[in-house]
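Residue numbers (my numbering), protein chains in the order written: chain A, 1 to 158; chain B, 1 to 158; chain C, 1 to 158.
If you are wondering where the hints come from, they were derived from the structure by calculation, not from laboratory data. For glycine and all other residues, C-beta sits at the position ideal for the given N, C-alpha and C. Treat each hint with caution, since some may be false.
Counterexamples of contact, computed for chain A against chain C with all Cβ distances above 10 Å [as the list claims (entries may be wrong)]:
| hint | residue |
| --- | --- |
| 1 | G27 |
| 2 | G32 |
| 3 | V68 |
| 4 | G84 |
| 5 | K89 |
| 6 | D93 |
| 7 | D96 |
| 8 | A98 |
| 9 | L103 |
| 10 | E111 |
| 11 | K127 |
| 12 | R128 |
| 13 | I132 |
| 14 | L137 |
Straight line, CA to CA, 16 Å or less: simulated EDC-like cross-link-like pairs of lysine to aspartate or glutamate [stated by the list, open to error]:
| hint | chain 1 | residue 1 | chain 2 | residue 2 |
| --- | --- | --- | --- | --- |
| 15 | B | K95 | C | E118 |
| 16 | B | K95 | C | E122 |
| 17 | B | K89 | C | E122 |
| 18 | A | K95 | B | E122 |
| 19 | A | K95 | B | E118 |
| 20 | C | K95 | A | E118 |
| 21 | A | K89 | B | E122 |
| 22 | B | K49 | B | E71 |
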Amino acid sequence: MKDERATLIMFSGDLDKAMAAFTIANGAAGQGLEVYIYFTFWGLSLLRKETGDGELFLEKMFKRMMPVGPEQAGLSQMNFIGAGSSLLKILMDQKDSATLPELMNMAMEREIQFIACEASMEILGLKREELIDYQHLRVACVKAYLEAANGAQINLFI
Amino acid sequence: MKDERATLIMFSGDLDKAMAAFTIANGAAGQGLEVYIYFTFWGLSLLRKETGDGELFLEKMFKRMMPVGPEQAGLSQMNFIGAGSSLLKILMDQKDSATLPELMNMAMEREIQFIACEASMEILGLKREELIDYQHLRVACVKAYLEAANGAQINLFI
Amino acid sequence: MKDERATLIMFSGDLDKAMAAFTIANGAAGQGLEVYIYFTFWGLSLLRKETGDGELFLEKMFKRMMPVGPEQAGLSQMNFIGAGSSLLKILMDQKDSATLPELMNMAMEREIQFIACEASMEILGLKREELIDYQHLRVACVKAYLEAANGAQINLFI
Numbered sequence: 001m002k003d004e005r006a007t008l009i010m011f012s013g014d015l016d017k018a019m020a021a022f023t024i025a026n027g028a029a030g031q032g033l034e035v036y037i038y039f040t041f042w043g044l045s046l047l048r049k050e051t052g053d054g055e056l057f058l059e060k061m062f063k064r065m066m067p068v069g070p071e072q073a074g075l076s077q078m079n080f081i082g083a084g085s086s087l088l089k090i091l092m093d094q095k096d097s098a099t100l101p102e103l104m105n106m107a108m109e110r111e112i113q114f115i116a117c118e119a120s121m122e123i124l125g126l127k128r129e130e131l132i133d134y135q136h137l138r139v140a141c142v143k144a145y146l147e148a149a150n151g152a153q154i155n156l157f158i
Numbered sequence: 001m002k003d004e005r006a007t008l009i010m011f012s013g014d015l016d017k018a019m020a021a022f023t024i025a026n027g028a029a030g031q032g033l034e035v036y037i038y039f040t041f042w043g044l045s046l047l048r049k050e051t052g053d054g055e056l057f058l059e060k061m062f063k064r065m066m067p068v069g070p071e072q073a074g075l076s077q078m079n080f081i082g083a084g085s086s087l088l089k090i091l092m093d094q095k096d097s098a099t100l101p102e103l104m105n106m107a108m109e110r111e112i113q114f115i116a117c118e119a120s121m122e123i124l125g126l127k128r129e130e131l132i133d134y135q136h137l138r139v140a141c142v143k144a145y146l147e148a149a150n151g152a153q154i155n156l157f158i
Numbered sequence: 001m002k003d004e005r006a007t008l009i010m011f012s013g014d015l016d017k018a019m020a021a022f023t024i025a026n027g028a029a030g031q032g033l034e035v036y037i038y039f040t041f042w043g044l045s046l047l048r049k050e051t052g053d054g055e056l057f058l059e060k061m062f063k064r065m066m067p068v069g070p071e072q073a074g075l076s077q078m079n080f081i082g083a084g085s086s087l088l089k090i091l092m093d094q095k096d097s098a099t100l101p102e103l104m105n106m107a108m109e110r111e112i113q114f115i116a117c118e119a120s121m122e123i124l125g126l127k128r129e130e131l132i133d134y135q136h137l138r139v140a141c142v143k144a145y146l147e148a149a150n151g152a153q154i155n156l157f158i
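Please build the complete structure, drawing on both the sequences and the hints.
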């Protein structure tokens, strides 16, 4: 039997894909589904908050290239070193569209479950303290994702 | 219970991804599934037809960067400012493969349901008149997608 | 009724996406699901082995641009002409993470079903002999994918 669940794998850290993901997630939660988002690889950048350091050189290089939080996300296409991203933000602002940080806040108000991929965090050298504070965020492995996805109504890789 | 439905989110406007999407969609329709394609963000470019203008400057800039219709779609990888895309078209032509416009026509003959994402259209400044004429194309929000996806056999984000 | 199956469409040939795909596939197989991976477009590059030639000029050009096998896969983001990819490999090595070839070997030990998309192979001019030798690899069309996906617990497009 299918359970009333939806899961998204947030692999990309792109602004446009993240906006699509959170719009779907919030919509699904609004329709009464229990929603899980599994953040892996670049998707983890959406969960990063600013911190100090103390990390190894290579990790630091990699993390310096990764955006920090939803405000810094670029576009998956037509990014032009950030110009496309700024343009999209201006257009959304003119239309009073919800921004990515607003969509993420909505997701947290709706108690959408966030799972941060343990293996990706280890490879990228990210620690739990570097991620946002949110009661329903836990660090876990792909097994946790699969348990949620197996038998869910909707599963997407974004 | 699962319904005999398949849904695709057409987020990308890339030629290769669109070809994969319509091949899957046509195959699923051929196997008797009711198929829905939800066009959002760059995927909307596939539904654009040539028109005059009257739009605001920023929207115009953004739309000028977006391809118009399936003939202008680029590749997701190895695009080389269109060279990869042309090369792929030459190879497909040599093999008598169906082109993207042909695959889209097949989808319309099979009465696949097209949903154009209302919020993306608003942000990008696209109007209904700028999209292709097709009886089974409607403009709607993510709720319409979720209703189709909830309980469908196959749901993909492309 | 839902069968105990999971299917992945491996459309991308990127190192990071392929690692995510095989991690999910191996995890799902470990939880007792029957797993199918449908390799199409760039994803086919993961199945290529080194060979001689005898192919047409255009195909050769296209294939020369495509990576050969999992060792040559680049990143979907921050690739910097291979630098990001090397950096990720160094980080993974330091952490003793499984490499992509290791993840693919695991998948084959778990007898995950590989399907190579016939139409993409034809367009790209790839022949069966150019793909890796693996008992559970077969060349088939999208119909084979849809049969596995229809009624599966988890379906993802990567």
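Results of checking the hints against the structure:
Residue-level check passed: A:G27 sits 19 Å from the nearest beta carbon of chain C, beyond 10 Å. Look at A:G32: its CB is around 20 Å from the nearest CB on chain C, clear of 10 Å, so calling it non-interface holds up. For A:V68, the requirement that its beta carbon stay farther than 10 Å from each beta carbon of chain C is met, with the minimum near 14 Å. Taking the minimum C-beta to C-beta distance to chain C, about 15 Å, the non-interface status of A:G84 holds against the 10 Å cut.
For A:K89, the condition that its CB be more than 10 Å from all CB atoms of chain C holds, with the nearest at approximately 20 Å. A:D93, annotated as away from the interface, keeps every beta carbon of chain C farther than 10 Å; the closest lies near 25 Å. No Cβ of chain C approaches the Cβ of A:D96 within 10 Å, the least distance being about 30 Å, so the stated non-interface status holds. Residue placement check: A:A98 keeps its beta carbon more than 10 Å from all beta carbons of chain C (closest about 24 Å).
Every CB of chain C lies more than 10 Å from the CB of A:L103, the least distance being 21 Å, so the non-interface label holds. Every beta carbon of chain C lies more than 10 Å from that of A:E111, the smallest distance being close to 23 Å; the non-interface claim holds. For A:K127, the shortest C-beta to C-beta distance to chain C comes to about 13 Å, beyond the 10 Å cut-off, and the non-interface label holds. Chain C leaves A:R128 outside its interface by the beta-carbon criterion, the shortest separation being 16 Å against a cut-off of 10 Å.
With a least CB separation of 21 Å from chain C, A:I132 remains clear of the 10 Å interface cut-off, as annotated. The claim that A:L137 lies off the interface holds: its Cβ sits roughly 20 Å from the closest Cβ of chain C, which is beyond the 10 Å cut-off. Annotation: proposed proximity of B:K95 to C:E118 holds, straight-line Cα distance about 12 Å (limit 16 Å). Proposed proximity of B:K95 and C:E122 is supported: the alpha carbons are some 7 Å apart, at most 16 Å.
Taking the CA atoms of B:K89 and C:E122, the gap is about 13 Å. The hint holds against a cut of 16 Å. With a C-alpha separation of about 7 Å, the suggested pairing of A:K95 with B:E122 holds against the 16 Å cut-off. Note on A:K95 and B:E118: the hinted pairing holds, with a Cα-Cα distance of about 12 Å set against a maximum of 16 Å. The hinted pair formed by C:K95 and A:E118 meets the criterion: a straight-line CA distance of about 12 Å does not exceed 16 Å.
A threshold of 16 Å between alpha carbons decides the hint, and for A:K89 with B:E122 the separation of about 13 Å falls inside it, so the pair holds. Between B:K49 and B:E71 the alpha-carbon distance is near 10 Å, which keeps this suggested pair within the 16 Å criterion.
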